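Counting from 1, one number per residue, gives the positions in the sequence shown under the UniProt record's numbering.
Keep in mind that the hints were calculated from the coordinates and are not lab data.
Please note: incorrect hints may appear among the correct ones.
Said to hold, decoys possible - The calculated BS3-like cross-link candidates involving lysine-lysine, where the alpha carbons are at most 25 Å apart (straight line), are:
1. K442 / K454
2. K390 / K172
3. K541 / K356
4. K544 / K356
As the list claims (entries may be wrong) - Simulated restraints, written as ranges between beta carbons of each label pair:
5. S223 / D486: 51 to 61 Å
6. E417 / Q233: 40 to 50 Å
7. T513 / P630: 22 to 32 Å
8. E603 / T335: 49 to 59 Å
Note that the coordinates shown come from a computational prediction; the quantities given were computed from them, not determined experimentally.
Glycine residues also receive a C-beta, built at the ideal position from the N, C-alpha and C atoms.
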Amino acid sequence: MNDSEALQAATVRIRNIGGIDERTVRLDPGVTVLTGRNATNRTSFLRALMGACGSDAVSLKGDADEGTVELELDGRTYTRILSRENGTVSTDGTPYLRDTTTADRFAFLLGSNEARRAVVAERDLHDVIMAPVDTEAIEAEIERLRSRRSQVETRLDSLDSLEADRRSLESKRDDLEAEIEEFEAERDDLEAEIEAEDRTVETQRENQAALDEVLSDLQSARSDLETVRFRLQSERESVESLREERGELQTELDSFDAEAVDPGEASDRIESIRSRIESLNSTISELQTVVQYTEDVLDGKADLVEDSLGRVGGDGSVTDRLVSSETTTCWTCGTEVDRDQIRGTTDRLREVRDEKREERAELRRELDELERSMRAAERAERDRRNLRDKLRRLEDELDRRTGQIESLTERREELAERVEALEADASDLRGQAEGNLIELHKELNEVEFALDRKRDELASVHDDLDALDARFDEREELETERAQVDEELETARTRIRSLTTAAVESFNEEMETVLGLLGYDNIERVWLERVERRVREGRRKVDKTQFELHIVRASDSGAVYEDSIDHLSESEREVVGLVFALAGYLVHEVYETVPFMLLDSVEAIDAERIAALVDHFEQYSTFLVAALLPEDAQALDASYRRVTWGTDVTPTA
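Could you put together the complete structure from these sequences and hints?
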């Protein structure tokens with residue numbers, strides 16, 4: 001904590017929260033020690049402060065219908081209101097934090113703290129450690145990159161034939177250029193022959209004007225006939241192409257699978273899953289309430305026990321028995337029960353709660369899958385409609401072009417008859433010597449027409465080659481994009497592993513620091529190991545990252561050996577759990593966003609070690625609040641502010 005003198009104090013006002021009727025507590029920056037015996041509602045105060053920050057660990061007083069906690073900090077007031085109606089407690093207000101996941105695990109270190117309990121109960125620590133890390137966003141990024149890569153590869157697949165297409169077009173271009181040269185040479189030869197033939201028959205020609213007119217008409221008719229023939233061939237090729245495309249579209253339309261998802265059944269299942277999730281939410285909330293209630297009783301909240309059993313008199317004997325004995329009175333049957341047995345039952349309730357949470361997570365995954373399937377079915381239906389529309393438009397185009405073919409066929413027959421008639425007229429007008437000239441003109445006309453067609457085809461090939469060059473540029477861009485996506489995908493895939501590896505390394509470093517502060521002779525080291533295991537998740541098995549906790553101990557002879565958490569005593573487990581939670585506070589730098597650090601249920605550690613921990617963590621937390629027994633509080637620095645709790649204490653401090 002830096003420059004604490006410049007920071008403002010925090011004021012906490014509580015009414016009907018936990019076991020507290022009403023109390024106001026002022027917290028100065030730095031360390032505040034809550035001193036008092038068990039069952040004096042120190043934990044209730046800590047839970048109230050957690051509630052003001054946004055945690056759900058706060059509870060309403062058993063005999064009240066409404067409770068509030070207010071936190072004044074830095075000129076602003078944060079509130080949490082608890083109301084009971086029809087047996088259900090609801091919350092309202094504007095707490096300090098929007099999300100308390102990290103704070104609940106690593107800043108609010110009560111006896112029921114999830115990080116501490118996970119160690120004591122030997123649960124997998126991966127989810128506890130990684131909860132503050134947004135791995136879901138990374139996984140979503142991986143899925144987005146996979147989808148993008150698939151799209152790029154699909155487009156690249158469509159460009160695989162570019163080289164073959166280019167070779168084919170270049171070969172066609174070369175052939176056309178050769179053919180054009182041949183036609184040009186043939187045209188030149190024919191023109192030379194016609195010029196020579198003209199000189200030969202010039203003096204013999206009669207009716208020259210009429211013949212010239214017929215020859216001109218004949219040339220025009222033949223040109224029109226060739227044009228119609230060319231158009232007719234083009235239309236037939238277009239019709240054939242359209243028929244092939246129609247066949248492909250029909251095949252694609254027929255290839256659509258039957259609906260994999262029945263919309264009605266899927267909607268009913270989605271509604272059923274949502275109802276089940278709501279039911280599970282209610283069950284989980286009720287289990288959490290029972291667990292918190294049990295923990296509150298075990299933490300010594302006499303008011304809660306007396307509310308359950310009825311007032312037993314004014315001598316405080318029930319509280320004394322709870323504090324001084326290893327047994328307590330069961331609030332359900334009224335018999336004496338071992339406190340460890342109640343802790344065991346509480347742990348089993350937590351397991352049931354966790355099972356319900358796992359079931360809820362599985363249902364949420366199934367819900368996501370159903371919703372994705374519904375969306376996929378809707379997309380498939382849209383694709384089918386688009387194909388049908390395209391097929392309908394193609395049929396219309398086929399009808400139009402078929403009509404064109406019929407019209408052109410009729411036109412071709414008309415022109416063929418006209419050419420035949422003009423040739424007959426030309427034969428009548430020309431003399432015997434002019435026969436060769438007419439045939440030469442006919443050949444020249446055919447050559448020039450063929451030459452024009454070849455030039456048009458060559459121009460089209462050049463256009464196709466230019467378009468192909470643009471597609472080559474597109475392929476290069478796509479290949480560059482694919483390489484970039486592959487790199488980003490690999491980076492994203494390794495990011496989670498890097499995060500978990502870094503988290504383990506940081507935890508091991510910080511646990512070594514905290515354990516060094518405590519200075520236990522028989523516990524040399526506490527460290528985490530990252531392992532991959534195949535576990536069942538719902539109906540399938542998946543590879544899952546887990547964190548294993550290892551204990552390195554030292555024997556009386558000084559030999560060092562590895563031990564497991566289940567071989568530790570209860571107090572040693574509590575110590576290791578606290579070490580783990582404190583390390584998480586440092587690893588995730590919780591002090592950057594959460595001004596409060598709360599310590600409770602640290603009786604397993606002696607007073608001198610508690611003092612060492614408090615002195616060390618004071619530098620990080622703006623407000624460090626520790627609930628301690630009077631004899632443990634004496635070991636702390638006398639400059640730390642004390643707030644005394646007990647039945648004889650004025651309800652403001």
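Evaluated hints:
1. K442 / K454: 19 Å, holds
2. K390 / K172: Distance of about 32 Å is beyond 25 Å: violated.
3. K541 / K356: Satisfied, since the Cα-Cα distance of roughly 19 Å is no more than 25 Å.
4. K544 / K356: Measuring from Cα to Cα gives roughly 20 Å; hence the hint holds.
5. S223 / D486: 51 to 61 Å: With a Cβ separation near 59 Å, S223 and D486 satisfy 51 to 61 Å, so the hint holds.
6. E417 / Q233: 40 to 50 Å: About 20 Å separates the Cβ atoms of E417 and Q233, which means 40 to 50 Å is violated.
7. T513 / P630: 22 to 32 Å: 29 Å, holds
8. E603 / T335: 49 to 59 Å: This hint is violated: roughly 26 Å between Cβ atoms.
The structure does not agree with the numbered hints 2, 6, 8 stated previously, though it agrees with the rest.
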